[in-house]
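Colleague: If you want the building blocks of each chain, they are given just below.
Number of protein chains: 4
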Amino acid sequence: MSHNSFGHLFRVTTWGESHGPAIGCVVDGCPPRLALTEADIQPFLDRRRPGQSKFVTQRQEPDQVRILSGTFEGLTTGTPISLLIENTDQRSKDYGEIKDRYRPGHADLTYDLKYGIRDYRGGGRSSARETAMRVAAGAVARKVLEGVTIRGALVQMGPDRVDRAAWDWAAVEENAFFCPDRAAAARWEAMLTEARKSGSSLGAVIEVVAEGVSPGLGAPIYGKLDADIAAALMGINAVKGVEIGEGFAAAALSGEGNADEMRMAPDGRVLFGDNHAGGVLGGISTGQPIVARFAVKPTSSILTPRKSVDRFGQEVEVLTKGRHDPCVGIRAVPVGEAMLALVLADHLLRHRAQNPDAPTEARLPRN
Amino acid sequence: MSHNSFGHLFRVTTWGESHGPAIGCVVDGCPPRLALTEADIQPFLDRRRPGQSKFVTQRQEPDQVRILSGTFEGLTTGTPISLLIENTDQRSKDYGEIKDRYRPGHADLTYDLKYGIRDYRGGGRSSARETAMRVAAGAVARKVLEGVTIRGALVQMGPDRVDRAAWDWAAVEENAFFCPDRAAAARWEAMLTEARKSGSSLGAVIEVVAEGVSPGLGAPIYGKLDADIAAALMGINAVKGVEIGEGFAAAALSGEGNADEMRMAPDGRVLFGDNHAGGVLGGISTGQPIVARFAVKPTSSILTPRKSVDRFGQEVEVLTKGRHDPCVGIRAVPVGEAMLALVLADHLLRHRAQNPDAPTEARLPRN
Amino acid sequence: MSHNSFGHLFRVTTWGESHGPAIGCVVDGCPPRLALTEADIQPFLDRRRPGQSKFVTQRQEPDQVRILSGTFEGLTTGTPISLLIENTDQRSKDYGEIKDRYRPGHADLTYDLKYGIRDYRGGGRSSARETAMRVAAGAVARKVLEGVTIRGALVQMGPDRVDRAAWDWAAVEENAFFCPDRAAAARWEAMLTEARKSGSSLGAVIEVVAEGVSPGLGAPIYGKLDADIAAALMGINAVKGVEIGEGFAAAALSGEGNADEMRMAPDGRVLFGDNHAGGVLGGISTGQPIVARFAVKPTSSILTPRKSVDRFGQEVEVLTKGRHDPCVGIRAVPVGEAMLALVLADHLLRHRAQNPDAPTEARLPRN
Amino acid sequence: MSHNSFGHLFRVTTWGESHGPAIGCVVDGCPPRLALTEADIQPFLDRRRPGQSKFVTQRQEPDQVRILSGTFEGLTTGTPISLLIENTDQRSKDYGEIKDRYRPGHADLTYDLKYGIRDYRGGGRSSARETAMRVAAGAVARKVLEGVTIRGALVQMGPDRVDRAAWDWAAVEENAFFCPDRAAAARWEAMLTEARKSGSSLGAVIEVVAEGVSPGLGAPIYGKLDADIAAALMGINAVKGVEIGEGFAAAALSGEGNADEMRMAPDGRVLFGDNHAGGVLGGISTGQPIVARFAVKPTSSILTPRKSVDRFGQEVEVLTKGRHDPCVGIRAVPVGEAMLALVLADHLLRHRAQNPDAPTEARLPRN
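Protein chains in written order, with numbering that gives the first Met the number 0: chain A, 0 to 366; chain B, 0 to 366; chain C, 0 to 366; chain D, 0 to 366.
Hints may be right or wrong, so weigh each one.
Cross-link-like lysine to any residue pairs, in silico, SDA-like; alpha carbons within 20 Å at most [said to hold, decoys possible]:
no.	chain 1	residue 1	chain 2	residue 2
1	D	K306	C	E255
2	D	K98	D	P304
3	D	K98	C	R262
4	D	K306	C	G267
5	B	K306	A	P364
6	B	K142	C	G267
7	B	K306	A	R268
8	C	K306	D	E260
Away from chain D, derived, C-beta distances all over 12 Å, residues of chain B [stated by the list, open to error]:
no.	residue
9	A21
10	T76
11	A185
12	R262
13	A264
14	G312
Now the stretches of chain A that chain D is said to cover, found in silico as 3 or more residues with beta-carbon under 8 Å [what the hints assert, rightly or not]:
no.	segment
15	64-70
16	76-82
17	118-132
18	337-349
No wet-lab data here; the hints were simulated from the structure. This one's a predicted model, so the numbers in the text were calculated from it and none came from an experiment. Glycine is no exception: its CB is placed at the ideal position from the N, C-alpha and C atoms.
Based on the sequences and whatever the hints tell you, model everything.
Modeller: Shown next, in the form of structure tokens:
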């Protein structure tokens, strides 16, 4: 058991604080002989990186990843892969004033109550900076998931949702919000500019989708694929809700309305009329796309003063200056993709260990 | 790693199929010298048991639990606690017709694709019958959580939500739905009767609340309390969504609207104006009530025929006869409470191991 | 983490006390579609069972195992296998006099210091009775290890060692000591009769050998096959030492004397001139036989009074009556075999997860 | 599960190869507010470091450790501690000739059979260089073990054992062999010089002792303290045997001879006449010193040519040049101490989680 590790067989342990010398992770259990260099990882980090638009924090970090172990001549060796990013832009002075004060909505208070000590600089360990290592590890996980496509998009900003009929994956890479609906992206630009000017912030909902996943990943009871996806996404900073497939809307449907009818494709694969289930039945993947969504609360650091307390038990007002995202949900898109990749890579190895001869497509008859 | 174990230090392993000779679990890591007999567990099982009203499956199981190990003269000994319930009402003949057919919305297909074999009788391992052991183990977990109150309620059936202003915990025990709003309970009775007559089914949303939880439970990054709660609740049969505190609604709030302002109580404890966070900040409990909700899909077994396939790759129609709940969400209430208890007991031990001198109340100054 | 589980992917959790209603275990992670009934397990239990000769405890237990879950129509289903043996001969009255006294060499004192409570009847959880479940689980592990032969023998009783030149595996099943040397068996019969008459006891050394093991099992650093074998064997009751291959004798050899030279077999497999390494290099199996030995101390329960203390802090004399083995090492033979099987089955699954295309024989070239 | 992590609650994950840019580890689960800087770790690394005498490898590494995370203002914060040592003296050219050849007694062959790829430079991941991180992590573990003294000594080199009557802990730091017997140290100097000249090598036995350990560490069945010590020590490079207390010699004792009689000290603590058990009964610490020994085989790299094979399946002769220890057992002394520290720190946290009010001394009455 580790509080800083994720996964069982494809296992990632991250370390590092926002304002320490570096952050890093160890990826243990990666299969050998996969092609892997920094160039496979860097593009995913660049996509998540702050400082790319006026809508995300202006902290400037090159976020240059280095592979310190686990590869030889460009191939993984089966031994632990150590990844490291140096922290180069740390401006610790910005954070002096919150040294003794607990910012509402942040982990400041709970860290102090738990540990009796905290590195207050930039949130220390609880900083979203740690998610850079999840994205890096996720890039390694994608190598394990040959044939699987994992993509994410922002489907709601504040109260404004995308029009699913207008969904275009190509649009996601064209705007600063990972928004699949060009009209929504235009509206959001105005919303976010307004929030930024007023020192306010906005929440968001992200959808992540994995296509090409083998059936059979996941397992009964406490190894359920959807339960692990839920933990993975809920564990991203500021996330307050997770749903799979139809999600909370399923509660309002009838059994008939929610049924995923099945039929046979001419090539012998099982297809589903709908995918209300989001690609998981009984905790095990069906071979249909895996669809999950998660809700990110509005950034807690805002310019409006809020009542709080300090570590001496005095009531104070807190107003967060410094460099922050008005909508942290935007940067959560690549993080959500990475977490989904980590869950799937781990479950692929777990499935294979117990079921080495299971089919990689939903074909019948099974035997 | 185990696909059938839950928790790390307070660890539960369940076993058993719906129509085997028995189901059971092993609770490992329970602290010694807690008073524990079958009488501490049985009431929780009775509350979950089928056959109590016309709204839940008519399968009649006494669900009499036996403690086979881990206690001595009425006290836990620190060694593994084995709990067992015999299956007494198994009517295997009811299930013959689904032997070769995959019921839509069930785990039939995915088990066959994964394992190449399945015990089709009553869903085998994927049957909700397994949740009886979660409830039993949860009763043991409650013993560990001295001073903590864990309760649950159905807050939505189909599209109909309770009026939170009318919430009365006492009402929960008065109706067949664990409904805290007496007016809603009356409406639901009509809805469910109608669904039952027409062979249809309804979804539901359940809320579970833990009061009296120490601050400091949970840990950064991958040991987050809310992430583990998400996994625990998503892992309950038929659950498609989980949220903590404000949940998905947080996405539509502004940073100001979602802020949990803090103040000092006269006794030196930190109090929160609101509890949008649901009792968890940065993955660590604040000392406020922990509030989580989860959505249960409508029962997949309905009387309307649905298109499906059989294990030979032929298209068929499936109509589920047999004894089923028109709203499985009802029985998920005690299961949700139990899962929350399991998460909290495990995290209490994990917290204590690393932080033996941490405060049990949110008092400042910490040192 | 569990104090009562063994293995990671092929994972066994045992429960039960010597004088409770039953003992049992849950085997999680077993691959599906292996033929398994009670008849596959019972012979191994019968081999370990007390009461078979005058040299082992006269406690009469039929030790009849029942499979309660995880199989369907004689095949494993991939779900957890629950095994149970009822305790039928419990004579609790024999143990009243050690209720408050700590027997030297037993776990009585340490359980009380740790837990503040103990089930003193027959040693409770620390009784060797628990090893019956290891043997049962080991029988399941053997099913996973197709093509692997696992055998054990007593190679030393008290100070008297077998003559390795006289080794005959057939002899092992012919005497009451699992002794591979017929002459030694005859000597031991006299020794043990003498020890028994005088109320004394004898230690022993057991050797276990696995032939037909694939190369590649085990992993660098903390997943070493030999480290896991060491833990498995040291964890057997009364064991004080473990060695692999040449073992402690290797310390006295020169590098030349200990070198395992290699050559190519005509069929392309790598063979070793000697097997000083005991089948493991760098923590990974070589494909040669895996050879391990472990030392069992003389039974602590003897008829000569020994100085001790009671739980009130008073000095007392303790003399153990009741039914005990004069040489517990004898019954440790099938237990050692079982533990080796459990380690190998777990590592086979672990290896397969990360290296699905690794060769199952030590053939070169690898690619 | 991870092949490169050790421990459960105090958990260490190491990474890095002999000739990569760096090696490192992550220590997760360390309690907060312990004083920790590089100066607490460096002395232990210096003690293990190569190049200190003519008897250990002449590789010159400053082995300067850096703490990259997990501390703040000189105190641990409860978050993961990342330690890193750069590899500065890598001379890769030395190893070209073993690129395609498998050195007898090394992990070269098994890595290739398992992974189909290996970093052959200096043994890659299987190099003893990795043990530097165990020593570094062990230094952190010692911080957790307040009041515990952990020491080690070489008690046998080749066939020559120390005289236990001449044991002096002070001597250990005075010679190049960690030898507690000054006369033996003088003999060993001659032996090792001779071995070095002839290109041969010697094995060794190391004893590690922990004093001041609380009773109650360890747990029944599969969480046994001695089983975990066995795994920890057997997992050190080149170790072939492990024993606790009397060890293999216990097999030759009678029950009377091996009994650890107990009496009460005037201060209410339980004392033992002897400590044949080595401080562990039933897998749980007694409060007496914990005593373990392990056997290290002679260095496999010798100057005498040995028959082997290459990766193309050709028979070859291998002679290892390069910088190597004639007796790797010497450097295993600080590694053994570190591993014992890691086991004890982990078990202290595990014990505390389940038994927060257990006594820290072996005092009776317990309640």
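Colleague: Each hint needs a verdict: does it hold in this structure or not?
Modeller: So, going through the hints one by one against the coordinates:
1. D:K306 to C:E255: holds, 11 Å
2. D:K98 to D:P304: holds, 17 Å
3. D:K98 to C:R262: Judged against 20 Å, a Cα distance of about 18 Å means the pair holds.
4. D:K306 to C:G267: holds, 16 Å
5. B:K306 to A:P364: Given pair K306 (chain B), P364 (chain A) holds - Cα atoms ~17 Å apart, limit 20 Å.
6. B:K142 to C:G267: Not satisfied, since the Cα-Cα distance of roughly 62 Å exceeds 20 Å.
7. B:K306 to A:R268: Holds: K306 (chain B) and R268 (chain A) sit about 15 Å apart, inside 20 Å.
8. C:K306 to D:E260: holds, 5 Å
9. A21: Holds, because the least Cβ-Cβ distance between A21 (chain B) and chain D comes to about 23 Å, which exceeds 12 Å.
10. T76: Since the minimum Cβ distance to chain D is about 10 Å, T76 (chain B) lies within 12 Å and the statement is violated.
11. A185: Holds, since 47 Å exceeds 12 Å.
12. R262: Non-interface label on R262 (chain B) holds, nearest chain D Cβ at 27 Å vs cutoff 12 Å.
13. A264: holds, 26 Å
14. G312: holds, 37 Å
15. 64-70: holds (count 4)
16. 76-82: Since 6 is at least three, the answer is holds.
17. 118-132: holds (count 3)
18. 337-349: violated (count 0)
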